[in-house]
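Trainee: Sequence:
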Amino acid sequence: MTTPPDSGRAEPRPPRRPSRLWLTIVILISIPVLILAAGGASLYLLSVGASAPDSYTRGGDAVWLGHAWVDGRNGDRQLAALAARLRDTGVRDLYVHTGPLNYDGTLPASLYPRAAWAITSLHRVMPGVRVHAWLGQRVGQGRLDLSSPVVRGNIVRAAGQALAVGFQGVHYNFEPVPDGDPGLLDLLDRTRAVMPPGRGVLSMSVHHIEPLPGMSLVGGLLLGHTKWWTPGYLTQVARRLDQVALMSYDTAQPTEALYSGYVRRQTQLALAAVPPSTHLLMGVPAYHDDNWTHHASAETVSAAIQGIRLGLGGDTRAGFGVALYVDFAATDADWNAYRREWAEGPGSGPSIPGARRPSP
0 MTTPPDSGRA
10 EPRPPRRPSR
20 LWLTIVILIS
30 IPVLILAAGG
40 ASLYLLSVGA
50 SAPDSYTRGG
60 DAVWLGHAWV
70 DGRNGDRQLA
80 ALAARLRDTG
90 VRDLYVHTGP
100 LNYDGTLPAS
110 LYPRAAWAIT
120 SLHRVMPGVR
130 VHAWLGQRVG
140 QGRLDLSSPV
150 VRGNIVRAAG
160 QALAVGFQGV
170 HYNFEPVPDG
180 DPGLLDLLDR
190 TRAVMPPGRG
200 VLSMSVHHIE
210 PLPGMSLVGG
220 LLLGHTKWWT
230 PGYLTQVARR
240 LDQVALMSYD
250 TAQPTEALYS
260 GYVRRQTQLA
270 LAAVPPSTHL
280 LMGVPAYHDD
290 NWTHHASAET
300 VSAAIQGIRL
310 GLGGDTRAGF
320 GVALYVDFAA
330 TDADWNAYRR
340 EWAEGPGSGP
350 SIPGARRPSP
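Numbering that gives the first Met the number 0 numbers the first residue of the sequence shown as 0 and each following residue consecutively.
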């Protein structure tokens, strides 16, 4: 038998094995993708379900109002419109933007020349509401420094100024405050000491709660600050307050379902962390910015309320409500969603006796 002629083709090479470096890169990329996928699936599942029949207004809702109420831009026309919006709803508290504070914690009186008119007028058209001074500032290097005793003292004096004008409460908003920050706790203690006994209301907008243990620490390491607090720190803050309003928005969630699931989880965590003696409000986004932390198509009033109602479960505490942010950005659709899905409830009123309009 003759030998076939050589074809000139080279012997086939065995397939290359991926290098360790390439495998490492693939694993490092895959891990966060898998984590995100698992997190998204978990949030989607949290958005599904039926809410309890009594998960609607209990008469302790709130609205953040813009600075135009105290600087003269708003008048009788805006007053009548707001009164019509809130008539026969569960809104009891109005947080009126009166600052911002200076970085040293002081509050110039020139910022709120029409505060007395706003307080008197809001009470006149909406008897029973409480009007609070909303005081806040950005926290950080070169900004408001809550570690400074001088700054904290100035903030306490600013709170006293607001109460002297006639506001029934002080509502703080400081961002971002690190988890465990002792300066904030001291500020709240010192503010409490100047509140009129049994009359002044002390409240605060607070950060999200870490969805899983350790996320607050990880967020602080990656970002230099965190938007998440541990449940234990929220408990310490809440014990010093009459009201806590959790800012359950700016979540970066891309869809309504994922946002509803996130809010449900935040509601559950907040109910566990905030003592029943402190009134708990869950923030509802009635504004329409579009950026990497807030997608207006996802963070809707309806999606937030769906998550809140699911998160409530069977919890029947009377000291619970929602807080709408913010009056000057809210659309007709936002107000209608709040009224239809939360304020009016499935019948003529809530099943908790006397909860719709508690006495001030």
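Think of the hints as simulated: they come from the structure by calculation, not from any bench. Where a beta carbon is used, it is the ideal one built from N, C-alpha and C, also for glycine. A portion of the hints provided could be inaccurate.
Stated by the list, open to error - Cβ-Cβ distance ranges computed for the label pairs, FRET-style:
no. : residue 1 : residue 2 : range
1   : Ser146    : Ala317    : 20 to 28 angstroms
2   : Thr330    : Ala82     : 16 to 24 angstroms
3   : Val193    : Tyr102    : 41 to 49 angstroms
4   : Pro230    : Ala251    : 17 to 25 angstroms
5   : Arg238    : Phe327    : 26 to 34 angstroms
6   : Arg137    : Ala192    : 22 to 30 angstroms
7   : Pro195    : Pro253    : 20 to 28 angstroms
8   : Gln235    : Asp331    : 38 to 46 angstroms
Trainee: Could you run down the list of hints and mark each one as holding or not?
Mentor: Do the hints match the structure? See the list:
1. Ser146 x Ala317: 20 to 28 angstroms: 37 angstroms, violated
2. Thr330 x Ala82: 16 to 24 angstroms: Because 18 angstroms falls inside the window, the suggested range holds.
3. Val193 x Tyr102: 41 to 49 angstroms: Violated - the Cβ-Cβ distance for Val193 and Tyr102, about 21 angstroms, lies outside 41 to 49 angstroms.
4. Pro230 x Ala251: 17 to 25 angstroms: 21 angstroms, holds
5. Arg238 x Phe327: 26 to 34 angstroms: About 33 angstroms separates the Cβ atoms of Arg238 and Phe327, which means 26 to 34 angstroms holds.
6. Arg137 x Ala192: 22 to 30 angstroms: With Cβ atoms ~26 angstroms apart, the hint holds.
7. Pro195 x Pro253: 20 to 28 angstroms: 46 angstroms, violated
8. Gln235 x Asp331: 38 to 46 angstroms: 40 angstroms, holds
Hints 1, 3, 7, counting from the list given before, are not met by this structure.
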